[in-house]
Every structure is written in structure tokens, then in C-alpha cells.
Amino acid sequence: MFSRLRTIPYSCKPAWTFATSTPFSPAAMVATRTRRHAFHSDSTVEVIPEANYNVVFDIDGVLIKGSQVLPQTRHALGLLQSNNVPYIFLTNGGGLKEVDKAEQLSKKIGVHISPKQLILSHSPMRALASQYEDKNVLIVGGNGSDCRRVAEYYGFKNVVTPEEVHAVYPAVCPSSALEVRSVPLPEKYLQNVHRPVDAIMVFHDSVDWGRDLQVMLDALISKGGDLGTVKTETELHTTKQSVPLYFSNADMVWSNEHPNPRFAQGTFRSCLERIYKDMTGHDLEYTLYGKPMNATYQYAESVLNQLAPIHNDGLPHRRTVYAIGDNPYADIAGANAYGWKSLLVKTGVFKPQGDENHHIHPATAVVDNVEDAVRWILSKEILKQHPL
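For what it's worth, our numbering labels the leading residue of the sequence shown as 801, then goes sequentially.
Nothing false has been slipped in among the hints.
DSSO-like cross-link-like pairs, simulated, lysine-lysine; straight-line CA separation at most 27 Å:
(1) K1180 - K1141
(2) K1040 - K1023
(3) K935 - K897
(4) K865 - K1151
(5) K1077 - K1040
(6) K865 - K907
(7) K1184 - K1141
(8) K897 - K988
(9) K1077 - K1023
(10) K988 - K1023
(11) K935 - K988
(12) K916 - K957
(13) K935 - K1031
(14) K1141 - K1151
(15) K865 - K916
(16) K935 - K1040
(17) K957 - K897
(18) K1151 - K1180
(19) K865 - K1141
(20) K1146 - K1180
(21) K957 - K1023
(22) K935 - K957
(23) K865 - K908
(24) K916 - K897
(25) K1023 - K935
(26) K1077 - K1031
(27) K897 - K865
Label-pair restraints from in silico Cβ distances:
(28) K1180 - E1085: 38 to 46 Å
(29) P974 - K1077: 21 to 29 Å
(30) Q991 - Q931: 20 to 28 Å
(31) P1152 - S975: 34 to 42 Å
(32) P1187 - Q1106: 27 to 35 Å
(33) K1040 - K1180: 44 to 52 Å
(34) T1039 - G910: 53 to 61 Å
(35) H1082 - T1029: 12 to 20 Å
(36) Q1106 - D1078: 40 to 48 Å
(37) E933 - E1057: 36 to 44 Å
(38) S1070 - T1039: 22 to 30 Å
If you're looking for bench data, these hints aren't it; they were derived computationally from the structure. Keep in mind it's a predicted model, so treat the numbers as computed, not measured. Ideal Cβ positions, reconstructed from N, Cα and C, are used throughout, including at glycine.
Using the sequences plus the hints, can you model the full thing?
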């Protein structure tokens, strides 16, 4: 995927050498699978072949915290580029199209990131578009109409959001914490408000829990997804929920500038589960995406196969993948279950006492930060290729 030059003195032992990082540039992001040598006195100039292992980064708590880029981030990515190691980003964040998120992340970090390297929590949910292509889908989460635009980009033709329902029927949630838009919603955004809801999909964290929980519950206990209707008391306790429900991730918390982790989509889901259980006596049924769900890792594997395919006699083979994350219950649990190596950093959700590992989901290694994680990976791969 990435190609860099390094100079190895003839007297050096390459088994213990990996290239140091240099500043990033989009032009440097050119893949090569060849090797050539040119002799200049006592040194060899070598084009480093693409590594046969990959690195998968979480973002929040690993590379950034809130609005701040962690100080080790650029150097860690530089080390991988210098050593021609293909890498991608796998996050339980989202709320934007992949191309927009990649551009946003590139500007923030100061490193060019291709949309092909980025998997958001709702990226695998693109596959649902064929099933619900002509259905009316309630899309929840994110700022303004961002998630609506994501859904339409994925191929969902009929979308409605809680904000749009509230705009047409303010009495739906009179205590909404958000003020009415200064600029009214486009009329075309309101055309599906009166149609029955066929499915609910939470693409990103809610910005108005009261409003979104209310509208989602209205759909779940409605007659056939028709907002404004409600099942009889008997029906509530004897029939299943009216519409299928999907969540893009299970994270209970996430890490930003605050010293303690903050509520995430999983906490929001727990609230809905409790409300639905109290009202109907039934457990809420739903499908989960994101880390640590297996479907998300299968999706990531397919992205890696497209980005940096590994072939032997024309057949693809299982690659070695190192996943770097800060959340034991998402990043580490998912990586371990899928057969990847896992590295747990201390810069995010995980707050150990000393160097202890997580007691439920132990990582392959615990390190201080993302740069230490990358150096650990490079050293292990060098030992693997050149054992003592």
C-alpha cells in the first residue's frame, strides 16, 4: 500500500532495523510490490516491499481525544508509512459519509486518509439498503440531516428522522432540548413523516435523547409502524414490536477530553430497552453492528482484501492483523474473537492501575500510547522474520 525508501549500511543487521518516520504527503502513498537495489559506495538503497501484515486503528481514545489529536498520532502513522505497512481505521464513530469523515480526519490529523481506509460504525449497514430500498426507514442520530444524507448515499430511497417528525408534530416531544431550526427543513424531507415506519436504524449517537427515544418508542408500539397509533393494552403484552430495529454500535461509553468516559450509543439503547420492557413486558429485539460484532470484522477483512490483497498461488490467505484500541469491550473483545492480535492503549477508555491487562478481555499487549503500539508491532514482525 505505502512505499518508502530506506538506506541500509552494508555493515548493518537488517533484522533489527525498521525505517523511521518522515512527514506524510499524499504523493508518498503509492503501493509497490517490487524490490530494487542501487549501490552507492558502501550502502544499499532499498524500496521496501509491502508488509504482509496489517494494522487496524480505532480513532477516539487512540489517535484523538475529542477535538485534540494525541501527540503520538502522526509519528505512529509515519512509522507505518515508512515501513510500507498497510493500515485502515475501524471506528464505532460515524454520522457522516465515509468520504466526508476521511476529509475531516485528514485535516484534523494532518495526514492524508483515503475513504477506502475508513470503516465507520454504520458502513456495514450499507448492505441493508437492498432489503429496505423502497421501505420507509426511521434514521436516528447525528447532527441535523447528516445521517439522512448518509442513508441516501447508501441507497435508502425513503428516509425519515425524529427531527422531521418533531418539525411536523411538535407535540410529539414538547420537552425537546433542541430549539426549532432557524432555517426550516426542506419540504422534500417531510414527505415521509406521514408514511408508516418499516424499520428503525440508529446510525450515530443521539443528540436529543428524549425526542429520539419517544419517536422510536412510538414506532415500536404502533399499529404497523403508523406513527400516532398505538396497540391496545392486550396487544402490547401479547405481540412483538411493530418494526425491526438496528443499532450501529454497542459502545456504552467513549473517550473525549473529559477525565472520565462519556455515555455512548449503548447507554442510549439500554434506556430504550428498559422503557420498552416496562411498557410491554417484552425484551426489545434488535440487531447490532459495529465493534465487537463479527459482521463488522468480516466487513473490515473484505476492505483489507481490497486494499492490500495477499495471494499465494492465486489464492487469498489469512493475514496477520494487529488491532489497536482503547476499549476492552469493543476493540479488544472484537479483535480477539476474530483472531486478530490486539493492543490496548491507556490513552482512552481503559484506565489501568500500572501495567495490568484487562481482566475480562485481555489484550495481546498493553502499551502506553499508539506510538508504543506501532513500535511493539514492528519489533514483533522483525523478530518473526529474523528470529534470534
